[in-house]
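So the chains spell out like this:
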Amino acid sequence: MSALITTHGLTKRYGGRTVVDGLDLRVPEGCVYGFLGPNGAGKTTTMKMLLSLVRPTSGEVRIAGRRMDRSTRRGLLSEIGSLIESPPGYGHLTGAENMRLVQRLLRLDDGQVARAVRTARLQDHIDRPVRTYSLGMKQRLGIAMALAGEPRLLVLDEPANGLDPAGIDEMRRLIRRLTGDGTTVMVSSHLLDEVDRTADVLGILGGGRMLFQGTREELFARSVPDVLVDTFEPERAAALAGAWGAVLDAGTVRVPGLGERETARLVARLVQEGVDLHGVRRETRSLEDVFMDLTREEAL
Amino acid sequence: MGSVRAELLKLKRSSSWAVVVALPLAAVASGAGNTVLAGEPLTDGWHTLWMRVVVVYGLFPLATGVAVLGSLVWRADHRGGNRNALMGRPVSALEAVVGKLAAVAVLAAAMQAVLTAGVVAAGKAVFGLPGPLPGQYLLISVLIVVVCLPVAALQSGLSMLMESFAAPVAVGLAGSVGGLLLVLLRFDAVSLAVPYGLTARATQVGTGAFMDAGTVTVGTLASMAVWALVSTVLVTVATAALLDRRDAG
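Residue numbers (my numbering), protein chains in the order written: chain A, 1 to 300; chain B, 1 to 249.
Quick caveat, the hints were computed from the structure, so don't treat them as lab data. Remember, predicted model here, so these are calculated numbers, not experimental data. Mixed in with the good hints there might be a few duds.
[What the hints assert, rightly or not] Cut-off 20 angstroms, straight-line C-alpha distance, at most; resulting in silico cross-link-like pairs (SDA-like, lysine to any residue):
hint, chain 1, residue 1, chain 2, residue 2
1, B, Lys12, A, Arg104
2, B, Lys124, B, Thr35
3, B, Lys124, B, Leu185
4, B, Lys12, A, Thr94
5, B, Lys12, A, Arg128
6, B, Lys12, A, His92
7, B, Lys12, A, Leu277
8, B, Lys124, B, Leu138
9, B, Lys12, A, Arg131
10, B, Lys124, B, Gly33
11, B, Lys12, A, Arg285
12, B, Lys12, B, His78
13, B, Lys12, A, Met292
[As the list claims (entries may be wrong)] Here are some, though not all, of the chain A residues that point toward chain B, as calculated from beta-carbon distances under 8 angstroms:
hint, residue
14, Pro38
15, Thr72
16, Arg74
17, Glu85
18, Leu174
For each residue, glycine too, the CB sits at the ideal point set by N, CA and C.
Please construct the entire structure, taking both the sequences and the accompanying hints into account.
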């Protein structure tokens, strides 16, 4: 699959503070790219650099092979729809009038606007003033405004922020519908659960650096679950396994980051020392746990 | 131009219209009210009324009013994700800046229309002046709209850069006071060169107040209008260049 967005060594510094650090991003065309990371990880700054809203300190952004900068942004942005930070919209105007603004700016026909409104399922509320909209409706209006130009790429920054579970589910379905039409969607979130079921590719950012980029399966494969040793003498076992980094956790000996060979050595040592073992197992982990571990390591 | 049409649509139900109506009507009420309360007759009919309303209005409230309009026009774009959306679309910085300038210019023109209509209404209803408002005041009204353009461009640029409502209004207020001082201290050339001074001077054309010759000539009107248009272009191009270099917050 060819990449629609690539970045090379993308970096943004504000004074002495590095917000995005040498990012090599690769967003394949036609996919949903889940851009994850805790708040303050640099997701929004990265997305702003992709749109040339913010200029990188160093590195470059390429959209469909063409370099994105202030001299090329106008041409490239005609193929990109975006929703960055809070949803746009003028409260004193109705949804329809907000859509007409975009229509006038981008010189679109009525059909394009109507299709965007239908895709965002906003047609029943389109004649109401935007100040009366719920947050979910405002997000959907923002997406309709971003979609109106029928972009090849949609960049959505935390579109599910502040939505209730039903709103989050509706957002997921909307994103899936868009990729069904061939649109590439890059969607950011600080919660894995929000994009886990929608994204084809995940990029995980922490402290401005890319911690992981790949599929869900690749992320799982990268993780080594903790080994849990059940014994009648947990304190003694934990002391003996101290060299492997073991800790006592609610009566069980927990050993993190242990490969298969090292696990065998640990078990042999405990048996050799006469510790009565009645169970050795790997902890069951969710993708959320893997994500949390990755981002927590970075925070430390 | 799409951005101009889009900006004009944003004026629908905008709170800017309250300023457009209230500020010139307050100037008319103040000028007419003072005349009635002081019991001073309008010795030279429409001319005296125009001087008591429009010259005072041009000395101070006009440029400040345009500053408020500039802030109001940008205010909605500084809220939520509107600024990112504005700059995230395939619209050049120059188009975005011209769109905003057009919106402030339309409001300034409407403000002048309300002022002129207010003078006519007060002249007829309060003072029973004979005949219509002389044509030269309609011409001066057009000139006032034109000289508001550089102030509009400057204030719009300040609002864009400062991303605040009050700060550019404060600058506009300071500029108005500066323009007023230039007129009072009779710095002729400087008052014509500075946008805030130019608005004050244009409202005095034909009145003989301060440095004005008291006659309306094509040369006076044309030179003020041409300089206003040239300075508007300069400020607009500079603002667009700044916007193009500027990062989103």
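Hints, verified against the model:
Annotation: proposed proximity of B:Lys12 to A:Arg104 holds, straight-line Cα distance about 15 angstroms (limit 20 angstroms). With a C-alpha separation of about 14 angstroms, the suggested pairing of B:Lys124 with B:Thr35 holds against the 20 angstroms cut-off. For the hint pairing B:Lys124 with B:Leu185, the CA-to-CA distance comes to about 35 angstroms; that exceeds 20 angstroms, so the pair is violated. Using a Cα cut-off of 20 angstroms, the hinted pair B:Lys12 and A:Thr94 holds, with the two alpha carbons roughly 10 angstroms apart.
Note on B:Lys12 and A:Arg128: the hinted pairing holds, with a Cα-Cα distance of about 14 angstroms set against a maximum of 20 angstroms. Between B:Lys12 and A:His92 the alpha-carbon distance is near 8 angstroms, which keeps this suggested pair within the 20 angstroms criterion. The suggested pairing of B:Lys12 with A:Leu277 is violated, with an alpha-carbon distance near 77 angstroms, which exceeds 20 angstroms. Taking the CA atoms of B:Lys124 and B:Leu138, the gap is near 16 angstroms; set against the 20 angstroms cutoff, the hint holds.
Restraint check: the Cα-Cα separation between B:Lys12 and A:Arg131 comes to about 14 angstroms, which is no more than 20 angstroms; the hinted pair holds. At most 20 angstroms may separate the alpha-carbon atoms for a hinted pair to count; B:Lys124 and B:Gly33 meet this at roughly 14 angstroms. With a C-alpha separation of about 55 angstroms, the suggested pairing of B:Lys12 with A:Arg285 is violated against the 20 angstroms cut-off. Distance restraint check for B:Lys12 and B:His78: the Cα-Cα separation of roughly 18 angstroms lies within the 20 angstroms cut-off, and the hinted pair is therefore satisfied.
With a C-alpha separation of about 48 angstroms, the suggested pair B:Lys12 and A:Met292 falls outside the 20 angstroms cut-off, and the hint is violated. The restraint placing A:Pro38 at the interface with chain B is violated, with a minimum CB-CB distance near 21 angstroms, outside the 8 angstroms limit. About 11 angstroms separates the beta-carbon of A:Thr72 from the nearest beta-carbon of chain B, more than 8 angstroms, and the hint is not met. For A:Arg74, the interface hint holds, since its Cβ comes within 8 angstroms of a Cβ in chain B; the closest pair sits about 5 angstroms apart.
Restraint check, A:Glu85 versus chain B: the minimum CB separation of about 5 angstroms is within 8 angstroms; hint holds. The interface hint given for A:Leu174 is violated, since its Cβ lies 17 angstroms from the closest Cβ of chain B, which is over the 8 angstroms cut-off.
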